[in-house]
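Trainee: Now for the letters of each chain:
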Amino acid sequence: MDAIEVSGLTKRYGRVEALQGADLSVDRGEVFGLVGPNGAGKTTLIKGLVGALRPSGGEARVMGLNPLRDRAELRRRIGYMPQSSALYEDLSARGNVRFFGAAHRTPDLRKKVDEAIHFTDLSGRADDPVHTFSGGMKRRVSLACALVHRPEMIFLDEPTAAMDPQLRSRFWKTFRELASDGTTLFISTHLMDEAMLCDRIAILLSGRILTADTPRSILERGKTRLTVEQNGTEEEATIGGHPEDLATALRPYGLRPGVTAIDVETDTLEAVVLSLIEKEEIA
Amino acid sequence: MRRTLLVAGRVVRQLLRNPRFLVLSVAAPLVIVYLLKIFFDTLPPTFDVARYAVPVAAFLVHFLAFLLCAISLVQERTMGTMERMFINGFRRTEIIAGYVLGFLGLATFQAVAGLAEAIWLFELDYDGETLAMLFVVVWLLAIASVMLGIFISTFARHEGQVFPFVPLIILPSVFLSGLLVDVDELPTWADWLGHAFPLFWANDVIQDVIESGWTFEDVQRSLVILVGYSIALLLLASRTLREVE
Numbered sequence: 004m005d006a007i008e009v010s011g012l013t014k015r016y017g018r019v020e021a022l023q024g025a026d027l028s029v030d031r032g033e034v035f036g037l038v039g040p041n042g043a044g045k046t047t048l049i050k051g052l053v054g055a056l057r058p059s060g061g062e063a064r065v066m067g068l069n070p071l072r073d074r075a076e077l078r079r080r081i082g083y084m085p086q087s088s089a090l091y092e093d094l095s096a097r098g099n100v101r102f103f104g105a106a107h108r109t110p111d112l113r114k115k116v117d118e119a120i121h122f123t124d125l126s127g128r129a130d131d132p133v134h135t136f137s138g139g140m141k142r143r144v145s146l147a148c149a150l151v152h153r154p155e156m157i158f159l160d161e162p163t164a165a166m167d168p169q170l171r172s173r174f175w176k177t178f179r180e181l182a183s184d185g186t187t188l189f190i191s192t193h194l195m196d197e198a199m200l201c202d203r204i205a206i207l208l209s210g211r212i213l214t215a216d217t218p219r220s221i222l223e224r225g226k227t228r229l230t231v232e233q234n235g236t237e238e239e240a241t242i243g244g245h246p247e248d249l250a251t252a253l254r255p256y257g258l259r260p261g262v263t264a265i266d267v268e269t270d271t272l273e274a275v276v277l278s279l280i281e282k283e284e285i286a
Numbered sequence: 101m102r103r104t105l106l107v108a109g110r111v112v113r114q115l116l117r118n119p120r121f122l123v124l125s126v127a128a129p130l131v132i133v134y135l136l137k138i139f140f141d142t143l144p145p146t147f148d149v150a151r152y153a154v155p156v157a158a159f160l161v162h163f164l165a166f167l168l169c170a171i172s173l174v175q176e177r178t179m180g181t182m183e184r185m186f187i188n189g190f191r192r193t194e195i196i197a198g199y200v201l202g203f204l205g206l207a208t209f210q211a212v213a214g215l216a217e218a219i220w221l222f223e224l225d226y227d228g229e230t231l232a233m234l235f236v237v238v239w240l241l242a243i244a245s246v247m248l249g250i251f252i253s254t255f256a257r258h259e260g261q262v263f264p265f266v267p268l269i270i271l272p273s274v275f276l277s278g279l280l281v282d283v284d285e286l287p288t289w290a291d292w293l294g295h296a297f298p299l300f301w302a303n304d305v306i307q308d309v310i311e312s313g314w315t316f317e318d319v320q321r322s323l324v325i326l327v328g329y330s331i332a333l334l335l336l337a338s339r340t341l342r343e344v345e
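So the protein sequences, as listed, match chains L and H.
Residues in the first sequence are numbered consecutively from 4, following my numbering.
Residues in the second sequence are numbered consecutively from 101, following my numbering.
Only chain L is shown next, with the shape it has when bound in the complex (with noise of 0.2 Å):
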């Protein structure tokens, strides 16, 4: 069973249509990213599938239940990370950590808060208001709060936007060793960089999912420029984005002796995204 099925989810605010028929399937085990532009829809999907949200249209399963007739079981069995922080300022990180790992009635309790205050690195400040923070300890307490009470399932939105580089990178090896836990997380960005990092993504552009695959097969979608110095003048060619082609490009050059230089120069996932969703636009 998929950890996520949806087929044709819409969701109508007024005249403005956030979700226009979105189809998705996530594996278990997998970190699957959610990529689009700033009001793509990504949240509107998110808060869809853990039940915050009546779709207009469509059905999404998670885990085989029901975003909203099994709520109560599914949030047992999920964790949400919102893409503010969401915390309660005059409490502690560990207050806020032990009031909603508390709700889910979860086993040895205080251990776990313990061991999700380690696992985010707030070991050194548990005790102090969460309102002296800064933004990127509060989202490391609202990523506790979210992984407390063990779920199998995690959906962050847009988990490390703002965030400098040092602490992404941080964030992305907590992620990585969650899954390697055999837990699924579900993570949006509009970071480029961040979906090389996912298994699989899927490409989000005005509620619609345009492809969903893994970042290479993505990437193989673009072009590659092959630039040649032969005897002292310069061939140009574009080719295909998959490393095949590019061994087919250069096999005629083979080890001639005139061939001074090769330069290859391949579309970035960034470039390969944007192309998709001109093509959309177009179309």
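Treat the hints as calculated values from the structure; they're not laboratory data.
Among the clues, some could well be false.
Unchecked claim - Chain H side only, calculated, beta carbon under 10 Å to chain L, not exhaustive:
no., residue
1, R102
2, R103
3, L106
4, L116
5, R117
6, M179
7, G180
8, I187
9, N188
10, G189
11, F190
12, R191
13, F255
14, R321
15, V324
16, E345
Predicted model only: the values in this text are computed from it and were never measured.
Glycine included, C-beta positions come from ideal geometry on N, C-alpha and C.
Got chain L; can you put chain H on it based on the hints?
Mentor: Relative to the frame of chain L, chain H by itself:
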């Protein structure tokens, strides 16, 4: 029940760690009752202070308990913690009941402090039974105010949207609840409208018991209505608090 107590405990911890909030909710009514004393001192000695002192103290408790509870709950929505509570498995009834329990302590303290100060400053001489009944009615009014705050908060998306309800609900009750003039002297429609405010029923009990020779039967009906008001608001709030967008 366990999750209700969790919410209540968290609300109390938050209140205790927010000195500004505590000062506003407890010191402000005390200061206003004192200002009322200064104002009443300028009036002729024939002026019946007792007729107004406790009802005004009750109104202040009513107003602040409503406002503070409504704003606290709306803040949960703006901060995203309300949504997070729901996704973590808290149910609507658990959140509402937790808030009622959490604010009960504050409402009790406000009722005791406001009433004690009014009685002391205005040198009101009531017997033990009357004092007990005055406390009960101000306390019940404070609970109804917390319920009203919870109910109104369900219609506001941010703190600013709570304030229009003050002139809509709280201020008319000053004129239509018998606080300043007897409702019998108002036009019939205003008299009827006045019955819709919890302050009307609280004031009805207060006016009865500050007259000597009252019996429990005299105030029973108004007390029951005040309790019913709280229960009705609680049920309404549990219907209107949005769990799903």
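Trainee: Mind listing which of the numbered hints don't hold for this structure, in increasing order?
Mentor: Checked against the structure, the hints that fail are numbers 13, 14, 15, while the rest are satisfied.
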